[in-house]
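Peer 1: Sequence:
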Amino acid sequence: MDEATANVDQESDKLIQQTMKESFGGGDSTVLCIAHRIETIMDSDKILVLDAGKVVEYDTPSTLLQMEGGVFNSLVESGKAVGILD
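With my numbering applied, the sequence shown corresponds to residues 133 to 218, in that order.
Hint data in this document are derived by calculation from the structure and do not stem from the laboratory.
Owing to the predicted nature of the structure, the values given are computational and were not obtained by experimental measurement.
Any given hint could be a false lead.
Each pair of labels, with its calculated beta carbon distance range [unchecked claim]:
1) Glu189 <-> Ala138: 20 to 28 Å
2) Glu171 <-> Asp191: 16 to 24 Å
3) Glu154 <-> Gly201: 30 to 38 Å
4) Gly201 <-> Ser161: 27 to 35 Å
Idealized CB from N, CA, C, for every residue including glycine.
Given only the sequences and the hints, what does the whole structure look like? Please build it.
Peer 2: So this is what it looks like as structure tokens:
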């Protein structure tokens with residue numbers, strides 16, 4: 133899914149995300165989700181972070197969040213600082 137919810141409000145985003153989980157989340161599917169909204173991918177099994185076309189991080193969200201100075205951690209902290217994320 134390439135920015136499946138890029139141009140929708142948060143309520144619609146949540147509904148689309150729930151529908152995708154119900155449709156593809158049976159454990160026998162792989163879903164590649166390209167996202168600019170971090171909250172969209174926070175419950176993913178794994179997150180792959182690209183920078184300049186190269187993989188710089190790949191792990192579970194909780195592990196990436198614990199990596200001080202990591203790219204994903206920095207993105208989340210920046211979002212919190214400007215009030216985008218809780």
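Peer 1: Return the numbers of the hints above that this structure violates; sort them in rising order.
Peer 2: Those not satisfied: there are none.
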